[in-house]
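Work the whole structure out from these sequences, hints included.
Chains as they are written, first to last, in our numbering: chain A, 1 to 381; chain B, 1 to 381.
Treat the hints loosely; a few may be bogus.
Copies of the same chain are indistinguishable here, so a pair counts whether it falls within one copy or spans any two.
Using 25 Å as the maximum straight-line C-alpha spacing, the simulated DSS-like pairs for lysine-lysine come out as follows [claimed, not checked]:
{"#": "1", "residue 1": "154", "residue 2": "121"}
{"#": "2", "residue 1": "119", "residue 2": "154"}
{"#": "3", "residue 1": "172", "residue 2": "350"}
{"#": "4", "residue 1": "154", "residue 2": "357"}
{"#": "5", "residue 1": "119", "residue 2": "233"}
{"#": "6", "residue 1": "97", "residue 2": "48"}
{"#": "7", "residue 1": "230", "residue 2": "121"}
{"#": "8", "residue 1": "339", "residue 2": "310"}
{"#": "9", "residue 1": "233", "residue 2": "118"}
{"#": "10", "residue 1": "350", "residue 2": "154"}
{"#": "11", "residue 1": "119", "residue 2": "43"}
If you are wondering where the hints come from, they were derived from the structure by calculation, not from laboratory data.
2 protein chains.
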Amino acid sequence: MRVFGIEEVKGLSKKADYERLIEEFGAKPITSDLVSRFKLDHKFIELKLVFAHRDFDHYLEFAGKGEVSIVSGRGPSNYMHLGHLIVFDFIRWLQEKTDAITYIPLSDDEKYVFGKVKKLKDGWFYAIDNALDILSLGFKPGKTYLFISTRMQKIYEYAITLSRYLTYNAVKATFGLNDSCNTGVIFYAAVQAAHILYPTLERNLPVLVPIAMDQDPYMRLTRDIAERIKVVKPASIYLKYIVGLTGEPMSASKPETCIFTSDTPDIIKRKVWNTLTGGRPTVKEQRKLGGEPDKCVVYQWLTVFFYNIKEAKEHRRKCLAGELLCGECKRILIEKLNKYLVTLRQKKKKMLDKVEKYFLHEVGDLIELYLARIENREHNC
Amino acid sequence: MRVFGIEEVKGLSKKADYERLIEEFGAKPITSDLVSRFKLDHKFIELKLVFAHRDFDHYLEFAGKGEVSIVSGRGPSNYMHLGHLIVFDFIRWLQEKTDAITYIPLSDDEKYVFGKVKKLKDGWFYAIDNALDILSLGFKPGKTYLFISTRMQKIYEYAITLSRYLTYNAVKATFGLNDSCNTGVIFYAAVQAAHILYPTLERNLPVLVPIAMDQDPYMRLTRDIAERIKVVKPASIYLKYIVGLTGEPMSASKPETCIFTSDTPDIIKRKVWNTLTGGRPTVKEQRKLGGEPDKCVVYQWLTVFFYNIKEAKEHRRKCLAGELLCGECKRILIEKLNKYLVTLRQKKKKMLDKVEKYFLHEVGDLIELYLARIENREHNC
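This is how it looks when you write it as structure tokens:
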């Protein structure tokens, strides 16, 4: 079933890359056979937002027989936007579906060595904020574990263990580094491998990694390492990019493309009001010809973030029939976004008292740091 | 004062390298001015075994005014030999002299990424054994801290912090690496810098690093980093190699060159009996011409490990006068080595109950691992 053609949106046309992942790098498409065999009844799969995998079938077979795990990281260099959150919501569904122990590494080291934050401390602030957002989605207590990479001794220990199986040549070839890069960037390939293989090394669990396609090089390196150290290779599934409000891919470094969890109603209104639609030049034409939902970011956002398939189809029908004007749709989206964020913030506030329990290491000092900055920010507003 | 010419011993002639350190790399000689100004009354300084430094004078000035620190690491890939121990004994003297907080990093990561141990676990075994040896020398409780590098979260955190100031190019040029080296080897330069700067980053203390000359490249990189992050550059003093029993430098990978703390009386007897002396071909010639102590390893070992300067001079006089035969000297050395090791082992045994207190991280599981292996080894003897 094809609800909308996300690839056709301007600037987001990664179709060629999606195909390359399968044709050149040996990932497999998510087939209807796989979907029906394992009853994968999630909207994202139906929408083909999840489009390829490596060994996902093996992972699902393991899940039928014993304990499995999911690893899905977050690089804490900013507030989360809804594109990040919806992916974690999909992961929450995967956790439920496969009863998986879920590990969420917060890679402050990555963001720091790549210069995305000035100081590790900045990474810690966002790590706590992001953790609160993610946990507000409803991950299972006792089955969900977070850690901040530089705070986790075991990660360094495992990264060192794996680094002996990872040469500079391999890292250089995979990421196209040059010799003037810093030593942290090089080592991060081993750290990422340690994140991915943590459940296997620590508890002998098979791992599934849901990732965006641009993270696949890490996956390939890690699978090579797993083969060399003779442990089960981690499985992966690949998510497409979700279109941003400007038509480009969502990116935290381009605020107008996305809605942050910290955005106020005013900001949301402005961003949505400026977005791309599939509307006609005049109301008259719109009524007569109907809109073009496949070119409309508002329609795609409603579908990805809020509608079920039936609602999406109905909206599409109405739009094509000229029954909807762009202003109406925008108002619907704004309302839903605000409602979603109000609820999220309430949950987030409650999560503050519980968040420590989800961490694999002490985090009390970082929560204090977080609260102090939040207060300071509110004070300065 | 020159008691003996350690440079002239076969295979140990690093004179050119010693000079290069000063002439090319900008270290400074330890002058008699410095020695008298700070009353540096240690045998090693008199023997010129400690021969060069960077900013040692600044460090000593700091020590007169406030708290200072020493960092001196150990790579745990084998049992310690007496050459290692005597250096730590010198460090113990420095601790006393400058009332320094002394940090002793045990770099299991280094030994593992360079392939000197097969598994990190092997490094941990030796780390505990080495720690017991070192602490048996009498370092001050409450002023002496050990840690095993991969077990110490803060070291990874600081290594990441510093890695941004250390490019692959710099590491490559300093150590002559090639691109097929593993990623752990590259990152270790940042880890070593984190060991050295730990007291400065953690407690804002000036640091002194007593090292063998071959470690100077790490020192130069770390001083460059310190300058870039605007903290006090670590000071260093350089120790010469002590001659081994075969005339080569002592090396744990060549057991005949050294006495391990684990050597039995039989092994000690064999090793010393086979060593080089400055003896004449016949007893008659020896009595007539006298021995040649400057070519004699036994004389040098007695001087470095056991004699004070007065005793060394007296032994030298007797040898030159033909009053000593090589067999006698060997017997004296064997007796002193055995006595030393018996005492050390007694102290080491008592240290087992206290060793945990000296560590900056939990180490209980590693002590258990250590005891299990020791028992297993004794069981198999």
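For each hint, the structure was consulted:
For a Cα distance limit of 25 Å, the shortest separation of residue 154 from residue 121 qualifies both inside one copy, at 20 Å, and across copies, at 14 Å. Taking the shortest alpha-carbon separations for residue 119 and residue 154, both the intra-copy value of 22 Å and the inter-copy value of 15 Å come in at or below 25 Å. For the identical chains of this complex, residue 172 and residue 350 are neighbours neither inside a copy (44 Å) nor across copies (50 Å), given an alpha-carbon limit of 25 Å. With identical chains, the CA atoms of residue 154 and residue 357 are at most 25 Å apart both within one copy (18 Å) and between copies (22 Å).
Taking the shortest Cα distances, residue 119 and residue 233 sit within 25 Å of each other only across copies (21 Å), while inside one copy they are farther apart (34 Å). Proximity of residue 97 and residue 48 under a CA criterion of 25 Å is satisfied intra-copy only: 18 Å inside one chain copy versus 71 Å between copies. In this homomeric assembly, residue 230 and residue 121 come within 25 Å of each other (Cα to Cα) only across copies, at 18 Å, whereas the closest approach inside a single copy is 37 Å. For the identical chains of this complex, residue 339 and residue 310 are intra-copy neighbours only, at 21 Å inside a copy versus 88 Å across copies, given an alpha-carbon limit of 25 Å.
Only between protomers do residue 233 and residue 118 lie at most 25 Å apart by alpha-carbon distance; the minimum there is 23 Å, versus 35 Å within a single protomer. Taking the shortest Cα distances, residue 350 and residue 154 never come within 25 Å of each other, neither inside one copy (29 Å) nor across copies (31 Å). Taking the closest pair of Cα atoms, residue 119 and residue 43 never come within 25 Å of each other, the shortest separation being 39 Å inside a single copy and 46 Å across copies.
Hint compliance for this structure: hints 3, 10 and 11 are broken, all remaining hints hold.
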